[in-house]
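Q: For reference, the chains in residue letters:
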Amino acid sequence: MAVVNKDKLGVSVAAGPSLMTGSIPRKPWWEVPAVFKPGNYAYPAKKEKVEYLNEQPGLHFPNAREWNPEEDDWKLPENWEEIILNGIKERLDKFRSLKIFMDCCVRCGACADKCHFFLGTGDPKNMPVLRAELLRSVYRNDFTLAGKLLGKMAGGREMTAGVLKEWFMYAYQCTECRRCSVFCPYGIDTAEVTMMIRELLHLVGVGINWILEPASNSNRTGNHMGLQPHTFKDNVDFLTEDVENLTGIKTEPTFNRKGAEVLFITPSADVFAEPGLYTAMGYLLLFHEIGLDYTWSTYASEGGNFGLFTNNETMKKLNAKMYAEAKRLGVKYIIGGECGHMWRVVHQYMDTMNGPADFMEVPKSSVTGTVFENAAASKMIHISEFTADLIKHNKLKFDKSRNANVKATFHDSCNTSRAMGLLDEPRYILDHVVDDWVEMPENTIREKTFCCGSGTGLNTDEIMELRMRGGLPRANAVKYVHEKHDVNMLSCVCAIDRATLSGLMNYWVPEVEVCGLSELVGNALVLEGENRQELDEGLRTLI
Amino acid sequence: MKYTFPLAAVIALVLIAWIGSQIPGMQYLFGVAIPYLAMAIFVGGFCYRVAHWGKSPVPFRIPTTCGQGYSLPWIKHDKLESPVNTSQVVARMFMEIFLFRSLWRNTKSEVHPGPKVTYESSKWLWLFGIIFHYSFLVVVLRHMRLFLDPVPGLIQFMEYGDSILQIGAPTMYLTDAGIVLGLLFLFGRRLVNPQVRYISLANDYFPLFLILGIAVTGILMRFFIRTDIDITAIKQLAVGLVTLQPVITHKIGAIFYIHLFLVSVLLAYFPFSKLMHLGGVFLSPTRNMANDNRMRRHINPWNPEIKPHSYAGYEDEFREFMVDNNIPVEKELPPKAED
Chain A
0 MAVVNKDKLG VSVAAGPSLM TGSIPRKPWW EVPAVFKPGN YAYPAKKEKV
50 EYLNEQPGLH FPNAREWNPE EDDWKLPENW EEIILNGIKE RLDKFRSLKI
100 FMDCCVRCGA CADKCHFFLG TGDPKNMPVL RAELLRSVYR NDFTLAGKLL
150 GKMAGGREMT AGVLKEWFMY AYQCTECRRC SVFCPYGIDT AEVTMMIREL
200 LHLVGVGINW ILEPASNSNR TGNHMGLQPH TFKDNVDFLT EDVENLTGIK
250 TEPTFNRKGA EVLFITPSAD VFAEPGLYTA MGYLLLFHEI GLDYTWSTYA
300 SEGGNFGLFT NNETMKKLNA KMYAEAKRLG VKYIIGGECG HMWRVVHQYM
350 DTMNGPADFM EVPKSSVTGT VFENAAASKM IHISEFTADL IKHNKLKFDK
400 SRNANVKATF HDSCNTSRAM GLLDEPRYIL DHVVDDWVEM PENTIREKTF
450 CCGSGTGLNT DEIMELRMRG GLPRANAVKY VHEKHDVNML SCVCAIDRAT
500 LSGLMNYWVP EVEVCGLSEL VGNALVLEGE NRQELDEGLR TLI
Chain B
0 MKYTFPLAAV IALVLIAWIG SQIPGMQYLF GVAIPYLAMA IFVGGFCYRV
50 AHWGKSPVPF RIPTTCGQGY SLPWIKHDKL ESPVNTSQVV ARMFMEIFLF
100 RSLWRNTKSE VHPGPKVTYE SSKWLWLFGI IFHYSFLVVV LRHMRLFLDP
150 VPGLIQFMEY GDSILQIGAP TMYLTDAGIV LGLLFLFGRR LVNPQVRYIS
200 LANDYFPLFL ILGIAVTGIL MRFFIRTDID ITAIKQLAVG LVTLQPVITH
250 KIGAIFYIHL FLVSVLLAYF PFSKLMHLGG VFLSPTRNMA NDNRMRRHIN
300 PWNPEIKPHS YAGYEDEFRE FMVDNNIPVE KELPPKAED
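Chains A and B, in that order, give the protein sequences. Residue 443 in numbering that gives the first Met the number 0 sits at position 444 of the first sequence, with consecutive numbering throughout. Residue 187 in numbering that gives the first Met the number 0 sits at position 188 of the second sequence, with consecutive numbering throughout.
Errors might be hidden in some of the hints.
Said to hold, decoys possible - Some chain B residues judged to face chain A by a derived CB distance under 10 Å, without partners named:
hint: 1; residue: Val138
hint: 2; residue: Val280
hint: 3; residue: Leu282
hint: 4; residue: Asn324
What the hints assert, rightly or not - Simulated pairs of lysine-lysine, DSS-like, Cα-Cα distance not exceeding 25 Å:
hint: 5; chain 1: A; residue 1: Lys331; chain 2: B; residue 2: Lys330
hint: 6; chain 1: B; residue 1: Lys75; chain 2: A; residue 2: Lys447
hint: 7; chain 1: B; residue 1: Lys1; chain 2: A; residue 2: Lys151
Unchecked claim - A few chain A positions that, by computed beta-carbon distances, are all more than 12 Å from chain B:
hint: 8; residue: Lys48
hint: 9; residue: Gln55
hint: 10; residue: Glu80
hint: 11; residue: Met158
hint: 12; residue: Tyr348
hint: 13; residue: Asn373
hint: 14; residue: Ser400
hint: 15; residue: Arg401
hint: 16; residue: Glu446
hint: 17; residue: Thr459
hint: 18; residue: Asn505
hint: 19; residue: Leu526
Honestly, the hints are just simulated from the structure, not real lab data. Backbone N, C-alpha and C define an ideal beta-carbon position, used for all residues, glycine too.
Chain A extracted, bound-state conformation (with noise of 0.2 Å):
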């Protein structure tokens, strides 16, 4: 689908008639339905797709079928309702967490202009408040007394097929990047209600493809990208390759292998594609350096989860590879890479969903003897934690003459950030890789970071004018750093930011490129026995 010109798209977001500009909309929120054209959704999951995971033992995929989201008929079951409410009473038995957030709203607005969705296209259902709302207005008619009794007058709504629909836009547009519970004075989480819109769509067969496909290969094969075992070797080895044509080192890692020390898992993109390949090459490196006695594996090759946009059902199915393979390899702790929904599954959710992981050890690094005690329960900590502390002891020697080419900035993932408290450590390894960086404005990082704009499983192209609206705060702030401070590197740890940030900036800030903090470490990294050629472009030399 071509793009809309960023010209025409800039000028559409800043004075288009929207209630972020000041318009008000003449009908109720509750009387403008949600109407499908093409780049305003994502495309539904393929009904392949959907059978093989509904045959999988654990999950539940009804509904396969084709259908298309602009055509009137959905091909709902023939008692959908009936399947929804009886979801919805499932799931206020079995969350908390939902109960209070249908309950406690006030409609303070403090939320509003907090989503970046809400900020790139002014559509009032994009304000937090109001996606809540397409949910809770249900709730209150079914599920309280005072809907019970006044209905419409106490807000509440009934469910029809012009709901589902708007839930099915709405839930598409919300990344579950929490920024909107940090400003909330009770804490209320967009995330968990996108997440059980979702859950609840799924019930009645309605889900896109850019989430259920990957969830299928991970399934499968072990990784989102579908790369069968011998593909995913060889991905890597391609980059042990260039890794020694650069540097002259010949990093031997190695697969599946028992008894290794660690596991290392990162997202499968990582392997896959630029300008990941750089932040992997990273990872050779460093644990080549020192030496890590540690193993990849094909069957867990992947450290994203897209079941967590999904349900927790998928969630919980995708996860326990982890440490399903980590007792089998007989493994002491893992490690895991650069990523943030990942780590908001593996900080969060793992140890909950799969564990204990009494058959490892509490995290204890070989080189420096520090015991990560942050990790003494899921024993998997994250690479920035382990980087960070080997800088700490003086393990590692840099250059950082060998990133002299790069001016950076960091984004801060949503998950990692609102979902995990990591926000120091990769400040700490960049101070120590990189001559100088600037921080982007402070309303912009942190707990309080923008979303990339294609979270959750909506980095996919045929909704691109949405994602570069909801991806403008956080170049709009990245563009900031570019002119005052002449920035021109997009530093982050997070693989989908790595593919959709590179697409960001492309469009609103091209003189800005991306790349994984491990991609700056590996670069910079002095190591023993190096043959490093001139490499003006650090890792991403061409040579």
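The hints should help you fit chain B onto chain A, whose structure is shown.
A: Using the frame of chain A, we list chain B on its own:
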């Protein structure tokens, strides 16, 4: 419509109490029966709602971390914004509940030509929110002097502090001004701020009007409409209500019954409305949980029994490729059939 209906409803409530309380014999209904009923609904409804929330488990530990988590010993841990143990969580909750910490963060964003997105600090909502809530709290506590005999020193002291400016006679309470000011701001922003205007429902205007009605009738009663406002008779009734021996000895002015009726409606309405944020804020899982997920295992009582796609199944599908590419396998390939 969104605000005219709630306004009409509150006016209707006022009229009901006004006219009703003037009918001989109805004073007992408005002065005793309805307040008791309302209190019962409030207490029962509040407890039911909290118990109802409590019945659902918290399957996952999902704090929103707003600062550096507990990590390596030399990385400064933000104990308030990313608490790692119970006492830190309590401190965070204290900040949230008593100081409205999250609202303090509020910013106002705008999109300007360029496009350029700007953010500026916006603490008005915080300020008037604080003024309203604390004024309301003090007003409620001050009223305890009507129900308690003798009046505890703390309440007397609070009353003294509240009238410290010594304006007028009887002296004006600061919190009377505070609650009205707060309500007017909260109402005003629902009208003026386009975003808030668009999201506001009748459910949002009704409590504002109702509480405003309570505050205004209270102020009128204290300062302006003092006919038949016999404070001893009111105190007698109030103490009687608390000690379950309510008596109405004298004629009390209609304004009192209106005030009391609106309070009764508020009490009865409370548990079924968004006003339950009073209780909910304590239970919000993104705020009241420690960010210690990787240190201490959190149990999900309904954790479903789901196994991953097994390694054995994976190897069975890809064994040949794995062997050909020197990836270790658990089971070797079957010997090839002779050609």
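Q: Evaluate each hint against the coordinates.
A: To see whether the hints hold, each was checked on the structure:
1. Val138: Violated, because the Cβ-Cβ distance from valine 138 of chain B to chain A comes to roughly 19 Å (cut-off 10 Å).
2. Val280: holds (5 Å)
3. Leu282: Holds - the Cβ of leucine 282 of chain B comes within 10 Å of chain A, reaching about 6 Å at its closest.
4. Asn324: It holds, given that the least Cβ distance between asparagine 324 of chain B and chain A is near 4 Å, below 10 Å.
5. A/Lys331 - B/Lys330: Holds - the C-alpha atoms of lysine 330 of chain B and lysine 331 of chain A are around 24 Å apart, at most 25 Å.
6. B/Lys75 - A/Lys447: It holds: about 19 Å lies between the C-alpha atoms, which stays within 25 Å.
7. B/Lys1 - A/Lys151: Holds, at roughly 11 Å.
8. Lys48: Given a closest Cβ separation of 15 Å, the condition holds.
9. Gln55: Since the minimum Cβ distance to chain B is about 7 Å, glutamine 55 of chain A lies within 12 Å and the statement is violated.
10. Glu80: holds (23 Å)
11. Met158: holds (18 Å)
12. Tyr348: violated (6 Å)
13. Asn373: violated (5 Å)
14. Ser400: holds (26 Å)
15. Arg401: It holds; arginine 401 of chain A is separated from chain B by about 26 Å at its closest Cβ, greater than 12 Å.
16. Glu446: Incorrect as stated: the minimum Cβ-Cβ distance to chain B is 4 Å, not above 12 Å.
17. Thr459: With a cut-off of 12 Å, threonine 459 of chain A remains clear of chain B, as the shortest Cβ separation is near 24 Å.
18. Asn505: The assertion about asparagine 505 of chain A holds, with a minimum of 17 Å to chain B.
19. Leu526: The claim stands: leucine 526 of chain A keeps its Cβ more than 12 Å from every Cβ of chain B (closest is about 25 Å).
Violation of the numbered hints given earlier is confined to hints 1, 9, 12, 13, 16; the remaining hints are satisfied by the structure.
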